[in-house]
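Those protein sequences? They're chains P and U, same order as listed.
Heads up, the first sequence is in my numbering, so the first residue is 1 and it goes up one at a time.
Heads up, the second sequence is in my numbering, so the first residue is 308 and it goes up one at a time.
Any given hint might turn out to be false.
Said to hold, decoys possible - If you want the footprint, here are the derived chain U segments under chain P, 3+ residues with CB under 8 Å:
{"no.": "1", "stretch": "365-378"}
{"no.": "2", "stretch": "388-395"}
Unchecked claim - Heads up, simulated SDA-like pairs for lysine to any residue below, C-alpha to C-alpha not over 25 Å straight-line:
{"no.": "3", "chain 1": "U", "residue 1": "Lys434", "chain 2": "U", "residue 2": "Ala338"}
{"no.": "4", "chain 1": "U", "residue 1": "Lys572", "chain 2": "P", "residue 2": "Cys208"}
{"no.": "5", "chain 1": "U", "residue 1": "Lys572", "chain 2": "P", "residue 2": "Glu70"}
{"no.": "6", "chain 1": "U", "residue 1": "Lys568", "chain 2": "P", "residue 2": "Ser10"}
{"no.": "7", "chain 1": "P", "residue 1": "Lys127", "chain 2": "P", "residue 2": "Val169"}
{"no.": "8", "chain 1": "P", "residue 1": "Lys100", "chain 2": "U", "residue 2": "Ala338"}
{"no.": "9", "chain 1": "P", "residue 1": "Lys7", "chain 2": "P", "residue 2": "Met93"}
{"no.": "10", "chain 1": "P", "residue 1": "Lys32", "chain 2": "P", "residue 2": "Thr249"}
{"no.": "11", "chain 1": "P", "residue 1": "Lys71", "chain 2": "U", "residue 2": "Glu570"}
Unchecked claim - Over 12 Å on every C-beta distance to chain P, these chain U residues come out as not near it, computed from the model:
{"no.": "12", "residue": "Gly453"}
{"no.": "13", "residue": "Val488"}
{"no.": "14", "residue": "Ile510"}
These aren't lab readings, by the way, just hints derived from the structure by calculation.
Because the structure is a prediction, the values reported are computed rather than measured.
By construction, the Cβ of each residue, glycine as well, lies at the ideal position given by its N, Cα and C atoms.
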Amino acid sequence: MNNHVMKINSLTKSYHGNNALNNVSVTLEAGKIYGLIGQNGAGKSTLMRIVAGHSFPTSGSVELFGHTGEKALQMERKRLGCMIEYPSLTPNMTAKENLKFHRIMRGIPNKEIEDELLEIVGLSNTKGKKAKNFSLGMKQRLGIGIALIGNPEFLILDEPINGLDPIGVVEIRNLLKKLCEERQMTILISSHNLPEMYQTATDYIIICKGEIKQTLTLDELDERCKHHILISCDQPEKLISVLEMELNTTNYTVMPDKTIKLYDYLDEKERVARVIFENKIMITNFSNEGDTLEDYFISIVGGGTNV
Amino acid sequence: MYNLIRADLFKLRKSMAIKILFAITTASAVAMVGIAYLITHGKIGTSMTGIGFMFSDVDVMGILGAATAGIFICGDFDTKTINDAISSGYSRCTVIVNKAIVFFCAIAFLLLPYAITTGIALSTGSKFSMGSVAIGFLNILTSEAGKTFSAPEIWKLLAIMLTLIIIYIAQISVCIALAFVLKKPVLVVAIYYGFTILCPQLIKLRDSSQVFKCIFDWTPFGGNYSFLTLNSLTGDIFKALAVSLIFIIIMLIVTYCVFRKSEIK
C-alpha cells in the first residue's frame, strides 16, 4: 500500500533564471515529523509554498496522498493544514473569531472545535483580546490552532516556534509529538532552532541552495553524530589521501576549518594515529568527539552558521 | 464556494472598516440630498453644486469602491486569508468568484444609503436639484423630485435604483482585477480614482470617433447608463443590465487569467 503522504519528483523552481529549488526529490511517509533544515534562502519556504499551492514549479511534479495533477492536488489539499511564513490572522478579530472564520471556510459544522483548539494551543484565556494585540508567540499559537482545524492528515509548519517563550516551545513540541503519535499526523516543520528540531523531528531533510543535501532519520542522525575522531593537522589534503589509500575509508567529512571528522576506526584509534604518524603528517588535534545536529548540518552544507 | 462566501460574510460583519465606510456613505448621501434641497430652495448659492457633487454617489463610490476592494481583497493577501483558502483546497477560480460576490454585496450595502435617502427625498414631494452635474442617484433625485408616483412608477423606480447599483458594481469590478494584480490598496484606489476622473474626458471622444463610441457604449462607463430615470425605456434598463453583467463577467475572466498562475507571497 502507498504510504506516501507527499512525493516530490525532480522539482525545480526558478525566479528570473535563478533556481530557488533545483531538481528536488523527496518523499514523506505517513506518521512522521520531518524537520526541514536549511539556511536563509535555501528554499524551505519555496518548497512549502509549492506544496500548499501558493506557487507553481518551473518543472517537476508534486504528489499528495498518491495523487498528482492540478485538479487532484487541489482536492488533496483539503487534507492539509498549513502555516507558512506567518499565520493567517484577521487582526480585528479575537482568537475564537479567527478560528470560527477558518472553521466556516473549511465547512466544519462542529463549533466546539474552537474552544478545544484554543485550549490545545494555550489561548483559552485571551477572551475579547483582538489578534492585532497579540504577542508574536500568541500569534504563532493561534496560527498553529488554525492549521489544526479539521484535523489535517498532513501539517506544514514554517518556523512555528518563532517568538515562543521556552515553555511555549516545549508545549508546541509536545503537541506536535502527540498529534503525530495519536493521530498518525505527518508533519513537515522548518525551524532555525536546531536543538529544538533535534528533539521534535523523527526525520530530517537538509536543504542547501535549493538542493536536498541529505535526508536521514533520527536514528541515522544519532549514528552519524554519535562518535567520530576529530583530526586537525598541517596537511589535510595528504591526510585525506592517507585515509582513502591506506585506511581504505571515505567515511569522513572535511569541515570548513579543514579539520577532518573520521567516522570509521573508532575502536582502532591507535592504528589511525600510527598510519598518520608513519606518513609524516603533523597532528595538532586527535580526539574522540560527538556531533550535535547543528555541527552535522554545518558539516553537510559546508557553510557558516546562518541557519 | 458556499463556505468561503459564508466565511467572508462573517468577516465582513466583524469588520470595522465596512462600518466606517457605511457611515461615510450614509453621511454623504444625507449631505448630497441636503445640499440639493438647500440649493433648490435658495438657502445656499448654486456655487455649492461642486461641493454637493463631492458627496454624490458617483464621486464617493469612485473612492470608497476602490477602498473597499483594497480592504477586502488586498487586505486578504496581507492577512494570508487568500493563501489559506488556496491551501485549504479551493481553486483560484472559486476564490475570485467568492471575493467578487462578497465584494459586490459590500458595494451594494454601501450604496444602500443613497438609494434610501433618494427614496425618502422623492417621497416628500419637495424639489431637489444640483443642476447639470447630476448623475446616478443624484440624477434620479434631480429628475423625479416634486412628482407624485403611481404604484407602477414606484416599482419602475425601484428597478432603476437596483439597475443603478448593478451599474456601479460593474464599474467598480475593475478594482477586482486591479486588487488581484497589484495587491496594494493605495495603488488600487489611486488608479481607479484616476480612471473615474479620466472617464468623463474620454467619453467626450465618443463624438469624434465612432469606434470609440462603440467600445465605450459597451461598458458600464459609457452610454447613458448612469442617467436612468422614469423616462428611460425598459429596453434601456435591460441594456444597462446586460452590459453591466457582461462587463462583470469579462472583468472576472481577466482577473482569473492574471491570477491563475501568479505567485502568492
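> Of the hints stated earlier, which fail here?
Replying inline: 1, 8, 9 and 10
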